[in-house]
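Sequence order for the protein chains is A and B. Residue numbering for the first sequence is 3 to 113, as defined by my numbering. Residue numbering for the second sequence is 52 to 198, as defined by my numbering.
Treat the hints with care, as some may be off.
Not close to chain A: a few residues of chain B, all C-beta gaps over 12 Å, as computed [said to hold, decoys possible]: (1) Ile-56; (2) Gln-109; (3) Gly-111; (4) His-121; (5) Val-126; (6) Glu-128; (7) Pro-135; (8) Ile-141; (9) Asn-155; (10) Gly-162; (11) Glu-175; (12) Ala-195.
Simulated pairs of lysine to aspartate or glutamate, DMTMM-like, Cα-Cα distance not exceeding 20 Å [unchecked claim]: (13) A/Lys-82 to A/Asp-53; (14) A/Lys-96 to B/Asp-157; (15) A/Lys-82 to A/Glu-19; (16) B/Lys-66 to B/Glu-128; (17) A/Lys-96 to B/Asp-152; (18) B/Lys-103 to B/Asp-113; (19) A/Lys-31 to B/Glu-161; (20) B/Lys-66 to B/Asp-113; (21) A/Lys-82 to A/Asp-105; (22) A/Lys-31 to B/Asp-65; (23) A/Lys-68 to B/Glu-161; (24) A/Lys-20 to B/Asp-65; (25) A/Lys-68 to A/Asp-105; (26) A/Lys-68 to B/Asp-157; (27) B/Lys-103 to B/Glu-161; (28) A/Lys-96 to B/Asp-147; (29) B/Lys-66 to B/Asp-88; (30) A/Lys-82 to B/Asp-88; (31) A/Lys-96 to B/Glu-161; (32) A/Lys-68 to B/Asp-158; (33) A/Lys-68 to A/Asp-32; (34) A/Lys-82 to B/Glu-85; (35) A/Lys-20 to B/Asp-152; (36) B/Lys-66 to A/Asp-53; (37) A/Lys-31 to A/Glu-19; (38) A/Lys-96 to B/Glu-146; (39) A/Lys-20 to A/Asp-102; (40) B/Lys-66 to A/Glu-19.
Hints listed in this document are in silico derivations from the structure and should not be mistaken for laboratory results. For each residue, glycine too, the CB sits at the ideal point set by N, CA and C.
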Amino acid sequence: MLTSELRNNVLVVHVTEKRVDASKAPLFKDEMTRCIDDGHHQLVLDLSGVDFVDSSGLGAIVSCLKRLGPRGSLAVAGAKGAVSRLFTLTRMDKVFALHDTVDAAVEQLSA
Amino acid sequence: MAPSISLLIDSDLDKVAHIARAVRGVCTGLLAAEEADAVELSVVEAINNVIKHGYHGQPGQDVQVIVGLHPDRVVIEIVDHAPPMQAGLIEQASEDLFSFDATNLDDVPEGGMGLALIRMNMDEVEYSAGSGENRLRMVKRVEAPAG
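Chain A with its partners taken away, still in its complex shape (with noise of 0.2 Å):
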């Protein structure tokens, strides 16, 4: 469900499901905690592409942040709509930085 792609030493890991709801969020997981095991430290989570979170989702993502820890970051870029509104309404926007775009993110990440 994720594909990615190394840009100036920032992985950007793009979402390929509409949705990451309960019966996705363990896969989003382990293959979220591959991409951080594998030494990816500098993380853009690509959520453009998604248009529906739910509290599994979201669990899932903060459960990324915290396997990485104080050894890196990740960003989310792209979220739009509900996916948005979730993460103002949880305060998870105080949690990650949101960028519109990955481009955004990237440039934060990198510089």
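Fit chain B to the given chain A structure using the hints.
Leaving out everything else, chain B in the frame of chain A:
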């Protein structure tokens, strides 16, 4: 009598997205996009809770969703036959869960957010259990009723 639609799924997390889209479709025209988002999220969280905690992930059990369309509100009922939820959980769930210290990752919740999100997204939430049946009733008021 207000029109009402009943949908039934098997207790399988893979099927929740279908019923969520169906409920959203039924409410289209009555609810604004943000209200429909709130209803869709609440329906998904409620059904996920039933499947994960009520039926402990066991497939082949029933989850019914009844959508009542009133001119000024949408009433959603989630009906299941799992063991009932612990008393008081709905009342205790609140937005306080999200008053965490954002600078301390240990303080940020990874789970247990479903009921709080339902209460934050719906105008009324009531839970009743009895005779082997559980019913979660959620009301979303229409901000700008048609007509």
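Here's how the hints hold up against the structure:
no., hint, in the structure
1, Ile-56, "21 Å, holds"
2, Gln-109, "15 Å, holds"
3, Gly-111, "16 Å, holds"
4, His-121, "23 Å, holds"
5, Val-126, "21 Å, holds"
6, Glu-128, "20 Å, holds"
7, Pro-135, "21 Å, holds"
8, Ile-141, "15 Å, holds"
9, Asn-155, "10 Å, violated"
10, Gly-162, "5 Å, violated"
11, Glu-175, "18 Å, holds"
12, Ala-195, "19 Å, holds"
13, A/Lys-82 to A/Asp-53, "7 Å, holds"
14, A/Lys-96 to B/Asp-157, "14 Å, holds"
15, A/Lys-82 to A/Glu-19, "15 Å, holds"
16, B/Lys-66 to B/Glu-128, "18 Å, holds"
17, A/Lys-96 to B/Asp-152, "9 Å, holds"
18, B/Lys-103 to B/Asp-113, "13 Å, holds"
19, A/Lys-31 to B/Glu-161, "12 Å, holds"
20, B/Lys-66 to B/Asp-113, "12 Å, holds"
21, A/Lys-82 to A/Asp-105, "16 Å, holds"
22, A/Lys-31 to B/Asp-65, "17 Å, holds"
23, A/Lys-68 to B/Glu-161, "9 Å, holds"
24, A/Lys-20 to B/Asp-65, "13 Å, holds"
25, A/Lys-68 to A/Asp-105, "24 Å, violated"
26, A/Lys-68 to B/Asp-157, "8 Å, holds"
27, B/Lys-103 to B/Glu-161, "16 Å, holds"
28, A/Lys-96 to B/Asp-147, "15 Å, holds"
29, B/Lys-66 to B/Asp-88, "18 Å, holds"
30, A/Lys-82 to B/Asp-88, "12 Å, holds"
31, A/Lys-96 to B/Glu-161, "15 Å, holds"
32, A/Lys-68 to B/Asp-158, "11 Å, holds"
33, A/Lys-68 to A/Asp-32, "14 Å, holds"
34, A/Lys-82 to B/Glu-85, "12 Å, holds"
35, A/Lys-20 to B/Asp-152, "30 Å, violated"
36, B/Lys-66 to A/Asp-53, "17 Å, holds"
37, A/Lys-31 to A/Glu-19, "13 Å, holds"
38, A/Lys-96 to B/Glu-146, "15 Å, holds"
39, A/Lys-20 to A/Asp-102, "18 Å, holds"
40, B/Lys-66 to A/Glu-19, "15 Å, holds"
The structure shown violates the earlier hints numbered 9, 10, 25, 35.
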